[in-house]
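Student: Take a look at the letters that make up each chain.
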Amino acid sequence: MSLISFLDYASVFVFALTGALVASRQQLDIVGFAFVACLTAVGGGTVRDVLLDRNPIFWIAQPTYIGVACGAALLVFLTAHLFESRLKTLIWLDSFALAVAVPAGTGVALALDQPILVVVLMGTITGCMGGLLRDVVLDDVPLVLKQGELYVTAAFAGATAAAFARPYFADPLPALVLCASVTWALRAGSLAFGWRLPAYKSRPPRV
Amino acid sequence: MSLISFLDYASVFVFALTGALVASRQQLDIVGFAFVACLTAVGGGTVRDVLLDRNPIFWIAQPTYIGVACGAALLVFLTAHLFESRLKTLIWLDSFALAVAVPAGTGVALALDQPILVVVLMGTITGCMGGLLRDVVLDDVPLVLKQGELYVTAAFAGATAAAFARPYFADPLPALVLCASVTWALRAGSLAFGWRLPAYKSRPPRV
Amino acid sequence: MSLISFLDYASVFVFALTGALVASRQQLDIVGFAFVACLTAVGGGTVRDVLLDRNPIFWIAQPTYIGVACGAALLVFLTAHLFESRLKTLIWLDSFALAVAVPAGTGVALALDQPILVVVLMGTITGCMGGLLRDVVLDDVPLVLKQGELYVTAAFAGATAAAFARPYFADPLPALVLCASVTWALRAGSLAFGWRLPAYKSRPPRV
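Protein chains in written order, with this note's numbering: chain A, 52 to 258; chain B, 52 to 258; chain C, 52 to 258.
Extracted from the complex, chain A is given alone in its bound form:
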């Protein structure tokens, strides 16, 4: 299994867990769990493949991705009641999913020799789009654009790090590991220590 496939599988699995957790907060049935898990899990990669015109889409080429997402949905359906706080679990799982999805998107664009800005955008989009679809469709806590947290920023920084590091190594592995680390460190630092960028504040108009 190639490195990109491994990253795709890992990100599908972890994002599916987060989708299923959101489904559990909405008290859906098992098919609802599977539906939301699949949407979240393959959403980002599907947008990436459609934009880059990769055919067939990754989960149509290898439908086992869908099996993995459904397995994750079943796992959450059976065990979600064991977690003391599903919201906290959701937020932290989502940070790991982001940290594998960003290198998955970045790696695909690097392998296609896209210009650096496209590489960075594909990493960011692949990372953020699954969670964004989940939040828009389910109307639950929006994690991606939550005010005062690093999310898109973490994805963007990770993808940028990978794009710049790539030329210094023969193999893509170090750049993608760097990408995952930067992404997760920034997202986790934001969650744990409140790291943030200065936000826009409304001010009274100048006199």
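Accuracy of the hints is not assured; some may be wrong.
Note that identical chains are pooled: a pair holds if it fits in a single copy or bridges any two copies.
[Unchecked claim] With a straight-line cut-off of 30 Å between C-alpha atoms, the simulated DSS-like cross-links for lysine-lysine are:
id, residue 1, residue 2
1, Lys-197, Lys-139
2, Lys-139, Lys-252
3, Lys-252, Lys-197
No wet-lab data here; the hints were simulated from the structure.
Here the structure is a predicted model, which means the values were calculated and not measured.
The hints should help you fit chains B and C onto chain A, whose structure is shown.
Tutor: Here is chains B and C on its own, set in the frame of chain A:
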């Protein structure tokens, strides 16, 4: 006219009626009716065609689909006030739309000799995506993921039935009729008799 | 630079301004500004390119579009506090963005010799989809389907005017100027003078 075209036209017409009914609940003007009707009517099939890389998209190849959707919008604009309960009309019309859209999606994927899991997913996506787009864009009653009702489940069961029945017949017709029947029976049973799958219930964490 | 490129750049810039203004109303950070600005700015054109199967997508072929959108986001981040009413600024900017995006979409479809209905739809979709994505993702004031205002109608009328005028001129320019004028005049007239189409009103059922 091929069977798939007929199913596409029928599903476009009925989904357009549901989109226009939602527009009437939001008191939009006639162009708003047409816009929401088109979005709902061709949304599911468009996502199917983009994912399967069918070119051109079905309603670009045959723009009469758009004419059908606009006709449905006009019909609802002129007659919606005749219905005693537009919500009830909407929900039941939507069940018929689902029952024709699922075989339309399933039939396309079967004709392209996709693996069985992709066939099932395309049927489910084609059926559910139009209604999902309508509900997300208009922020009206979300039918697709409403708790305690069979919707995705009905689509999934219908598509699965068709995928398994297909090899036993020379012609695709019986499998697609079976698909429509299973989908509609489950959705209607859920609406009329409260059929449902066990839903996830939050429970206190084990001690 | 071709006329279509110019229209694409102009519409990207002005739609990016509107996206960033919405981000400022939600008090996001600079990366949030850039993300929403890019989504709004390239959303409509991306949907157009995916539906028409144009490869590569316009902003993948020329990533400078993204640079333009990010520049617009930075500009708003630094200056938004100078505006007395950001909502009013947003609404009027959005009307200009619409008036350049509709001819951008129409021009592409005309250049591809699409049938007239597809030309009109591509103009309408390119114009409306960016603002629709912005409003759905950010849950802010929805401009596109706001009751009692011309928006989709303005886009549709502008695209229709261009499609019918095109055969009378050797060059696409007059048709696209007409398209922009009709679109903006209807949208601005709706905002300034309350022009509207009759909306559907719920009435009691006939006895």
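Student: What are the numbers of the hints that this structure violates, sorted from low to high?
Tutor: Nothing - there is no hint that the structure violates, so all of them hold.
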